[in-house]
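Full structure from sequences and hints, please.
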Amino acid sequence: MRRIIWLIAIVVVVLLVGSLVDRPNFDLTPANPAAGFDAQLHPPQAVSDALHKSCYNCHSTQGEIPWYAHVWPASVLVQNDIRQGRTYMDLSNWSNLSPEMSRIRLIDSCRMMKEAKMPPAIYRPLHPGAAQSAQEADAFCAWVNTQAANPAIAALR
Amino acid sequence: MTKFDLPGCRAKEAGRKYSAAKMALWLMPLLAVSIVLGCHRGSNSLQAAISIQPANLLMFAPLPAAAPADGITAEKVNLGRKLYFDTHLSDNNSISCNSCHDVANYGADKGHAVSIGHIGKPGGRNSPTVYNAGLQFVQFWDGRAPTLAAQASGPMMNPVEMGMSGTDAVLALLRTSPEYLSAFRNAYPAIKDPVTMDNATDAIAQFESRLLTPAPWDDYLRGNENALTADQKDGLRVFLRTGCAACHAGAGMGGNSYQKLGAFTDWPDQKSDTGRLALTHEARDAMYFKVPLLRNIDQTGPWFHNGQVTALEDAVRLMAQYQTGHELSSQDVGSIISFLHALTGPLPAEFAQAPAGAATQKASGNIKQGGAANTAAGKVE
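In order, the protein sequence lines correspond to chains A and B.
Position 84, counted from 1, in the first sequence is what numbering that gives the first Met the number 0 calls 83; the numbers after and before it change by one each time, with no gaps.
Position 54, counted from 1, in the second sequence is what numbering that gives the first Met the number 0 calls 53; the numbers after and before it change by one each time, with no gaps.
Treat the hints with care, as some may be off.
Claimed, not checked - As a list, the in silico DMTMM-like pairs of lysine to aspartate or glutamate whose alpha-carbon atoms are at most 25 angstroms apart:
(1) A:Lys52 to A:Asp37
(2) B:Lys232 to A:Glu114
(3) A:Lys52 to A:Asp21
(4) A:Lys116 to A:Asp137
(5) A:Lys116 to B:Glu326
(6) A:Lys116 to B:Asp233
(7) A:Lys113 to A:Asp26
(8) B:Lys270 to A:Glu63
(9) A:Lys52 to A:Glu63
(10) B:Lys232 to B:Glu312
(11) A:Lys116 to A:Asp48
(12) B:Lys109 to B:Asp297
(13) A:Lys113 to A:Asp137
(14) B:Lys191 to B:Glu74
(15) B:Lys270 to A:Asp21
What the hints contain is simulated information worked out from the structure, not anything from laboratory work.
Laid out in structure tokens, this is it:
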């Protein structure tokens, strides 16, 4: 019994020291709501909801950070996911994109969802509600296809 | 050190003792593996063969025939070209647009981290190339000008750059030149008094919009599989796998978004240049810059907003590390650079030199030397 307590104590100390020494920096500077995806592109509510459910945790500054994300070494994983996710697409700062890049992001997102590459397989077990259904992916792609008429992302430039 | 048993193991391997040290040794690799996985999961999951199929190339586009500009005419282009090369548009007749954006040297200020202005003082950031600049969604490193025309007047009036005291000084100069008067009248025949700042910058923008450099990459995107060498195709795969195309995409291979310098790992220098923060004063814009074009990137060093990176290898390595969280091997860096060479096209012969009769002294020939200039130049070099 004493050994188990020792073992647990060592693990707790390692995690605690790790968490204190290597503190995560999620870089969640609050964005101006007007700069976000919803305000920039006005997607239908269902599309917006599906994105909030599946994408915003890593691809925005509005993600919900779970408690374990502050515990090392999970903190390293979560920090890297968020920071890498936001380099590929930042839904909170959509106004940083030109119409051309906005279009590129949408087309790419459609492809990622259709091929079930996003959310990534390794993320889904811990976030069972995050998976996109085939219907949600179809609805997103159908909306992307209508966006040729949206002046915010219309022609290439 | 206290000895203790690991109960689970004891059940299986009767009586075998584990020391605390061994336990730690057993735990550490697990932790290390999880960290390494965390740091490099991107590259691991991306190791799956990246095929350069059409679906993977949707984010790219070949160069258009000409960058967008309204009502482009030969007269306007010629007037713009004349203005672009005219050193009289600087306070002491020493520099022109071309001094820092040299069209014979891929439109950049070759070898200079930042350019030296009319009185020998350094500018704030590295001079971006003028070639293909019209493809960008905004101009300047921080995007403070929405168009080429809006950009053109900036350096002219900038006290450090060309140092004209104001638009009146520029217009007075242009109106007293019979050559310019007729050039403006030819370019803007419908306008009664055509010598205006708007027309001057419009003409410069029209000239600049012709400065495009189609490259092997464009042939490749149009379907010529042989336009890229095997090495360059390998480089394209590494480029895609590393995530470079998240920002360097579109017709210009960049120039179409603002991104945070140090998106994955905080950029070491958070003080000397905060990017768009200085312009917008919004916290969310700290360290955000316009993503530069990758076209002709092997010809436009030194690199980055401050021109502090003098080797393309370092530029590629730093970008992968700080922007996408990938530590690239030398081989991967070399591979990406092979691909970057495919983005460099020949200069358009008709525009890559000064027009006949232009007054085109290089800045270095006419710098007023002073104490400030010397210290400043020392800082830059």
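These are the hints, each one checked on the structure:
Note on Lys52 (chain A) and Asp37 (chain A): the hinted pairing holds, with a Cα-Cα distance of about 14 angstroms set against a maximum of 25 angstroms. As the CA atoms of Lys232 (chain B) and Glu114 (chain A) are separated by approximately 24 angstroms, the hinted pair is consistent with the 25 angstroms bound. Proposed proximity of Lys52 (chain A) and Asp21 (chain A) is contradicted: the alpha carbons are some 29 angstroms apart, above 25 angstroms. Taking the CA atoms of Lys116 (chain A) and Asp137 (chain A), the gap is about 14 angstroms. The hint holds against a cut of 25 angstroms.
Between Lys116 (chain A) and Glu326 (chain B), the direct Cα distance comes to roughly 23 angstroms. Compliance with the 25 angstroms bound is thereby established for this hinted pair. In summary, the hint linking Lys116 (chain A) to Asp233 (chain B) is supported, as the alpha carbons are separated by about 23 angstroms, within the 25 angstroms threshold. For the proposed pair Lys113 (chain A) and Asp26 (chain A), the alpha carbon gap of about 29 angstroms is over 25 angstroms, so the pair is violated. Simply put, Lys270 (chain B) and Glu63 (chain A) have alpha-carbon atoms about 30 angstroms apart, too far for the 25 angstroms limit, and the pair is violated.
Restraint check for Lys52 (chain A) and Glu63 (chain A): the C-alpha separation of about 11 angstroms stays at or below 25 angstroms, so the hint holds. A hinted pair counts as satisfied when its Cα atoms are at most 25 angstroms apart, and Lys232 (chain B) with Glu312 (chain B) qualifies at roughly 18 angstroms. For a cut-off of 25 angstroms, the pair hint linking Lys116 (chain A) to Asp48 (chain A) stands: about 19 angstroms separates their Cα positions. Restraint check: the Cα-Cα separation between Lys109 (chain B) and Asp297 (chain B) comes to about 11 angstroms, which is no more than 25 angstroms; the hinted pair holds.
For a cut-off of 25 angstroms, the pair hint linking Lys113 (chain A) to Asp137 (chain A) stands: about 7 angstroms separates their Cα positions. For the hint linking Lys191 (chain B) to Glu74 (chain B), the alpha-carbon distance of about 17 angstroms falls within 25 angstroms, and the restraint holds. As the CA atoms of Lys270 (chain B) and Asp21 (chain A) are separated by approximately 23 angstroms, the hinted pair is consistent with the 25 angstroms bound.
Hints 3, 7, 8, counting from the list given before, are not met by this structure.
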